[in-house]
Amino acid sequence: MSAKTPIEELEQRRRWAEEQGGAANVERQHEQGRLTVRERIAGLVDKGSFQEIGKLTGSEAYDGLTLKNVTPAPYVMGLAEIGGRPVAVGGEDFTVRGGTTAALDKRKGGQGGFAEDMAHHYRIPLVNLIDGAGGSVTSAKRRGHAVFPGVDSFDRSIDLLGEVPVVSAVLGSAAGGPAGRAILSHWSVMVKGASQIFAAGPAVVERSLGQKIGKEELGGPAVAVDKAGAIDNVAESEAHCFALIRQFLSYMPQNVWELPPVVSSDDPVDRCEDALLSIVPEQRRRAYDMRRLINLVVDKGSAFEIQPSFGKALVTCLARLNGHPVGIVANNPMVYGGAMDGPAARKQVRFVELCDMFHIPLVFLVDVPGFMVGLQAEQAGVLRDGMRAVYVASQATVPVVTVVIRKCYGMAGMATCHKRGLEFRVAWPSAEWGSLPVEGGVAVAFRREIANAPDPKKREQELEEELRAYGSPMRTAAAFGVEDMLDPRETRPYLCRFVALAQTRLKTELGPKLKAGVRP
Amino acid sequence: MAREEIQSEVTGTVWKIEMKVGDAISDGDTIMILESMKMEIPVISTEDGKLVEILVKEEQPVSEGQAVAVVETA
Numbered sequence: 000m001s002a003k004t005p006i007e008e009l010e011q012r013r014r015w016a017e018e019q020g021g022a023a024n025v026e027r028q029h030e031q032g033r034l035t036v037r038e039r040i041a042g043l044v045d046k047g048s049f050q051e052i053g054k055l056t057g058s059e060a061y062d063g064l065t066l067k068n069v070t071p072a073p074y075v076m077g078l079a080e081i082g083g084r085p086v087a088v089g090g091e092d093f094t095v096r097g098g099t100t101a102a103l104d105k106r107k108g109g110q111g112g113f114a115e116d117m118a119h120h121y122r123i124p125l126v127n128l129i130d131g132a133g134g135s136v137t138s139a140k141r142r143g144h145a146v147f148p149g150v151d152s153f154d155r156s157i158d159l160l161g162e163v164p165v166v167s168a169v170l171g172s173a174a175g176g177p178a179g180r181a182i183l184s185h186w187s188v189m190v191k192g193a194s195q196i197f198a199a200g201p202a203v204v205e206r207s208l209g210q211k212i213g214k215e216e217l218g219g220p221a222v223a224v225d226k227a228g229a230i231d232n233v234a235e236s237e238a239h240c241f242a243l244i245r246q247f248l249s250y251m252p253q254n255v256w257e258l259p260p261v262v263s264s265d266d267p268v269d270r271c272e273d274a275l276l277s278i279v280p281e282q283r284r285r286a287y288d289m290r291r292l293i294n295l296v297v298d299k300g301s302a303f304e305i306q307p308s309f310g311k312a313l314v315t316c317l318a319r320l321n322g323h324p325v326g327i328v329a330n331n332p333m334v335y336g337g338a339m340d341g342p343a344a345r346k347q348v349r350f351v352e353l354c355d356m357f358h359i360p361l362v363f364l365v366d367v368p369g370f371m372v373g374l375q376a377e378q379a380g381v382l383r384d385g386m387r388a389v390y391v392a393s394q395a396t397v398p399v400v401t402v403v404i405r406k407c408y409g410m411a412g413m414a415t416c417h418k419r420g421l422e423f424r425v426a427w428p429s430a431e432w433g434s435l436p437v438e439g440g441v442a443v444a445f446r447r448e449i450a451n452a453p454d455p456k457k458r459e460q461e462l463e464e465e466l467r468a469y470g471s472p473m474r475t476a477a478a479f480g481v482e483d484m485l486d487p488r489e490t491r492p493y494l495c496r497f498v499a500l501a502q503t504r505l506k507t508e509l510g511p512k513l514k515a516g517v518r519p
Numbered sequence: 000m001a002r003e004e005i006q007s008e009v010t011g012t013v014w015k016i017e018m019k020v021g022d023a024i025s026d027g028d029t030i031m032i033l034e035s036m037k038m039e040i041p042v043i044s045t046e047d048g049k050l051v052e053i054l055v056k057e058e059q060p061v062s063e064g065q066a067v068a069v070v071e072t073a
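Heads up: the protein sequence lines correspond to chains U and F, in order.
Its first residue numbered 0, the first sequence is counted upward by one per residue in numbering that gives the first Met the number 0.
Its first residue numbered 0, the second sequence is counted upward by one per residue in numbering that gives the first Met the number 0.
Please keep in mind that the hints were generated in silico from the structure rather than gathered at the bench.
This one's a predicted model, so the numbers in the text were calculated from it and none came from an experiment.
There may be inaccurate statements among the hints.
[Stated by the list, open to error] Simulated crosslink set (DSS-like; lysine-lysine; CA at most 25 Å straight-line): (1) U/K457 <-> F/K37; (2) U/K311 <-> U/K226; (3) U/K418 <-> U/K512; (4) F/K49 <-> F/K19; (5) U/K418 <-> U/K299; (6) F/K56 <-> F/K37; (7) U/K54 <-> U/K3; (8) U/K311 <-> F/K15; (9) U/K191 <-> U/K211; (10) F/K37 <-> U/K456; (11) U/K226 <-> F/K15; (12) U/K311 <-> F/K37.
Please put together the full structure from these sequences, using the hints given.
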């Protein structure tokens with residue numbers, strides 16, 4: 000080493016960094032069907048855009064005064080571009096000591112560190128590529144004392160959620176700290192068959208509870224995504240995962256002080272699909288495909304569904320209308336008739352907050368019979384979850400247009416409107432609304448009259464008929480109780496116009512949104 | 000030509016089968032109607048082609064994600 004010029008030494012140290020944890024460990028990573036962190040970054044960002052920072056970090060091995068080798072620090076990070084826009088990106092290098100923490104003068108990233116600080120300082124999105132095991136009891140032996148929780152603070156990661164888009168990809172088995180950090184994101188994704196996430200892994204679970212369970216069974220997508228909603232989406236492969244991350248960020252502004260990017264669209268604004276006329280079945284009990292409806296309205300191919308397998312009574316999509324990003328919140332009549340249960344409410348809360356934070360106008364496509372009813376729903380806390388959706392909708396300041404497709408009932412219906420804003424609601428002719436549906440409502444309100452009638456069943460039917468006649472949405476429109484009725488085919492041009500109009504308003508509200516109050 | 004399985008979106012029972020094997024089918028056509036939570040849930044083709052198999056019978060219970068029909072795409 001000593002014979003080398005400083006430039007040669009720099010080049011040598013960079014080569015050692017490129018070697019990561021050594022050929023054997025890189026091969027083991029590949030055998031697991033996983034990419035190395037450097038391959039991941041290359042696959043994610045615009046070609047050639049990665050400017051690594053802290054490449055020389057690592058533990059040096061000397062023979063006397065001669066440097067023999069540097070084992071790189073197990074975290075790779077830097078500045079890159081996605082879709083031509085700068086992002087901070089970082090991830091654990093699993094090939095170096097399983098991606099555990101390094102003893103450097105300051106942290107490179109992961110649980111706070113330079114990558115997070117850079118996202119904060121330059122106001123650019125952060126992408127976490129998570130593949131690390133988190134804390135280990137062995138660190139206590141090394142340090143000579145046990146570390147108090149929070150020595151690596153989450154505060155920066157928490158503050159970033161109000162500043163710039165944060166995306167986390169879980170690419171290995173994440174437990175403890177790395178698992179927690181994945182949750183501190185605006186959007187998260189994991190890879191089918193390759194990623195698991197849990198508060199604690201199988202060994203800890205067996206020791207604590209005597210439960211024998213595999214890591215896929217405990218924290219694979221079937222649990223973490225479909226049941227828990229802890230992670231938002233599932234990718235089929237790492238390459239697919241990177242494509243999804245790029246797509247998610249394409250709807251997002253760089254930070255809360257900017258508007259989301261508008262792209263040019265070749266889908267005509269006045270595309271009025273005849274299929275919309277017949278999409279809602281005449282039979283009131285019959286469901287239809289809400290995703291199909293969404294795709295007929297938004298720019299072709301622009302819908303990006305968030306949490307497609309969680310809280311399935313609701314569909315949430317980022318999409319575009321004439322190139323303007325928009326958040327679609329739609330009830331899904333295929334699942335519980337679209338009734339809002341706990342998971343659907345939590346999904347709506349999170350999505351509405353995401354869109355509000357990043358100045359993305361909201362469009363509600365409403366077909367909700369109300370909160371989910373029954374013992375199970377009550378035990379699961381549907382009232383609190385549901386009212387949180389009402390609360391968050393009330394606090395949002397981003398422009399909202401509500402389109403009632405069919406049912407709009409009760410408090411779940413309230414959560415689809417923006418009374419504090421313009422309270423702009425339009426409806427299709429298939430729309431119906433009220434405090435609660437006529438069926439069931441009549442039985443409660445006219446209980447005595449029905450019971451005392453000579454033919455109670457008949458009287459109930461008569462009353463239902465009578466009240467249903469008042470239910471025509473046109474009557475409410477005549478009273479300006481909704482602002483307009485649409486021919487379903489007009490939905491796209493109508494929404495395009497108001498989403499474009501919203502841009503002017505959005506510019507006046509740039510910056511972080513601080514909200515007071517204790518959410519129910 | 001590819002065989003695409005059409006899955007049920009919900010757990011429920013098969014109420015009415017609307018099409019028969021051999022029928023030409025387009026994206027958006029209703030193959031059968033399920034009943035779940037007092038709602039009629041149509042099973043809708045996501046493909047153009049020919050309906051080549053129906054894997055369930057009327058009144059049979061089905062679960063979410065279960066394949067209920069097969070479409071051969073054109």
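Checklist entry - Holds or violated: are the alpha carbons of U/K54 and U/K3 at most 25 Å from each other? => result Holds. U/K54 to U/K3 sits at ~19 Å (cutoff 25 Å).
Checklist entry - Holds or violated: U/K311 with F/K15, Cα cutoff 25 Å? => result holds, 24 Å
Item to check | Restraint status (C-alpha distance of U/K226 to F/K15 at most 25 Å) | outcome: violated, 30 Å
Item to check | Distance restraint between U/K311 and F/K37, which requires alpha-carbon spacing of 25 Å or less | outcome: Given pair U/K311, F/K37 holds - Cα atoms ~17 Å apart, limit 25 Å.
Checklist entry - Would the pair U/K457 and F/K37 pass a check requiring their Cα atoms to be no farther apart than 25 Å? => result The hint holds at about 21 Å.
Next on the checklist: So if I understand the rule, the pair passes when the alpha-carbon distance is 25 Å or less; does U/K311 with U/K226 pass?
Outcome noted: Holds - the C-alpha atoms of U/K226 and U/K311 are around 10 Å apart, at most 25 Å.
Checklist entry - Straight-line Cα separation of F/K49 and F/K19 no greater than 25 Å? => result holds, 10 Å
Checklist entry - For the pair supplied as a hint, U/K418 and U/K512, is the alpha-carbon distance within the 25 Å limit? => result holds, 18 Å
Next on the checklist: U/K191 and U/K211 were given as a pair; does the straight-line alpha-carbon distance stay at or below 25 Å?
Outcome noted: Holds, at about 22 Å.
Item to check | Hint consistency between F/K56 and F/K37 [alpha-carbon to alpha-carbon, up to 25 Å] | outcome: Distance ~19 Å between F/K56 and F/K37 Cα, so the pair holds.
Item to check | Satisfaction of hint between U/K456 and F/K37, Cα-Cα up to 25 Å | outcome: holds, 20 Å
Checklist entry - Are the Cα positions of U/K418 and U/K299 separated by 25 Å at most? => result Answer violated: U/K418 to U/K299 is near 31 Å, above 25 Å.
Against the hints set out earlier in the document, violations occur for numbers 5, 11.
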